[in-house]
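A.B. asks: Sequence:
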Amino acid sequence: MTLTLAISKSVGDAQRRFTLEVAFQSRDALTVIFGPSGSGKTMSIQAVAGLLRPDRGCIRLHGRLLFDSDAGVNLPVRRRRVGYLFQQHALFPHLTVAENVGYPLKPFWRSSLTPETQGQVADIMQICEIDGLAASLPRDLSGGQQQRVALARALVQRPEILLLDEPFSALDTGLRSRMREELLAVRHRFGVPLVMITHDPADVEVFGDTLIHIEGGRVQELRSRAQKTAAVNCPGQRLHELPSLAVGEVMPCGA
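Residue numbering for the sequence shown follows our numbering, starting at 1 and increasing by one per position.
None of these hints come from the bench; they were simulated from the model. Source: prediction; values computed, not measured. Note that beta-carbon positions come from the ideal geometry of N, C-alpha and C, so glycine has one too. Be aware that a few hints might be false.
To be verified - Here are the simulated distance ranges between beta carbons:
id, residue 1, residue 2, range
1, Q118, P93, 43 to 49 Å
2, A90, D13, 25 to 31 Å
3, G119, R78, 18 to 24 Å
4, A134, R78, 32 to 38 Å
5, G174, P76, 36 to 42 Å
6, D13, P93, 22 to 28 Å
From just these sequences and the hints, can you work out the full model?
C.D. replies: Written out as structure tokens, the structure reads:
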């Protein structure tokens, strides 16, 4: 996997303004973004998903251009082939589990899924072990079950990358450990790389092959377990030692 991000985005007003200016590249299948609340982590992955339009810059996934302000490229969400797992799952409360999972596959002009897409939904529900909950509503599910439904919905279109915004934050400690194992198993089965936002050191240990520290809207550190030495060219970047991780790499988006 190669995800390259070099963007700038300002939000707020003159009294309270926040500017995100991040540039990084990850070639690992497992990437973790961490940092304090309000640092720009979620904005970064929202830009990859197409949920947030940067003011300038570019985003590439596997060499495919998703966004480029200079070239006037801004692919819509449906064409980016990106799966997104929201922090609070964002399940539709009035839809059943099967309807939630199949929602990304349903064209706006159809009232129901085609037989082919119904088969896709059934397959992913079985893989995520929620096929027995097809007719249930989100309010009737446990936290772990809601997590599996949200994961199935994110994967049903066979995305090229899976983005997760603090996916385990609402779960208790024991369930978090189990869900980490399940997520790794599903990720391996689909062969999809993932980028995860987290505050939990246990998530970093499991998923942090590449580790990106964002604070104040800037990349402060970028580390990779696989790399021993690499160039760093992110303005203002500070490098400190992180246990078991080597210095990583930040490259221009056009590289």
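A.B. asks: Hint compliance check: list the failing hint numbers for this structure, sorted ascending.
C.D. replies: The structure breaks hints 1, 4, 6; every other hint is satisfied.
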